[in-house]
Each structure stands twice: as structure tokens, then as C-alpha cells.
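Participant: Sequence:
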Amino acid sequence: MRDKHPNQTLKTSLARLFPKRLVEILIARDNLPDKPLKQLDDKQIDELHHYVHQWSIAPNGTEGYRTAEVTLGGVDTHAISSKTLEARDIPGLYFIGEVLDVTGWLGGYNFQWAWSSGWVAGQYV
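Residue numbers (the numbering used here): 1 to 125.
It is possible that some hints are incorrect.
Unchecked claim - Computed list of lysine-lysine pairs in DSS-like fashion (alpha-carbon distance at most 25 Å, straight line):
| # | residue 1 | residue 2 |
| --- | --- | --- |
| 1 | Lys11 | Lys35 |
| 2 | Lys11 | Lys38 |
| 3 | Lys4 | Lys38 |
None of these hints come from the bench; they were simulated from the model.
Bear in mind that the values here come from a model prediction, so they are computed numbers and not experimental data.
Sequences are here, hints too, so could you generate the full structure?
Facilitator: The structure is reproduced here in C-alpha cells:
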């Protein structure tokens, strides 16, 4: 980019690769030099290359179970009847949906599992 567009700023160049708002935050937060590419020496270009390719993000929290998209874990499927979804050790106790240790991809699979398992258990309640 420096050879093809030497007068282009770093911010504009990075915005061709990443969302503009992300670039603005990275430049402001991490003090990246927002100046024309021709003003960046080889060492700065190498540092930017390393920064972009080694950049990582660490979540600082969660919104909790209330907004969870997918859960993992739950009631062991070996502890329930695969035919009725009733607990093997506690008659009359049924488990359905994501409360069971069944995980699906995003895109409706978990909804389908919730509805289907609910229907199955409902046949025996």
C-alpha cells in the first residue's frame, strides 16, 4: 500500500482492510501513527504488520445466561430416556431443549431441538 498510495494515511489504508470504526478505535487507543504511509519507515511498517497480525481481543465480561445464544453442558443425556426424555432415576421429571447436554449450531438448530424435544416429552406427560 505504501508503494501504490504513498500519500494515503494509515487510517484510510487500514479502513480498506477493517471496519472504519475499528480502525478509529485502534488508532486512538493504541496510538498508531495516523500519518501518510510515505512517512512511515520500514521499522514502523514491520511493527504495524506485527500489530495487525498478532492483534488479539480478550472479552471483559458476559451478559450472562439471559442473552446466551448457545449453551454447553447440562443434564447428561445418558440419565434420561431417549424415547420419552424422562429422567431414568426420577419418574415424572422430564428435561427438554438446551437444559440437556445437547448443543447445535446457530441458525435455528437449537430452536428445532427445543420444539422437538418439548413435543416428544409432551406425549408422555
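Participant: Confirm or reject each hint.
Facilitator: Consistency of the hints with the structure:
no. : hint          : in the structure
1   : Lys11 / Lys35 : 8 Å, holds
2   : Lys11 / Lys38 : 13 Å, holds
3   : Lys4 / Lys38  : 10 Å, holds
Checked against the numbered hints listed earlier, the structure breaks none of them; every hint is satisfied.
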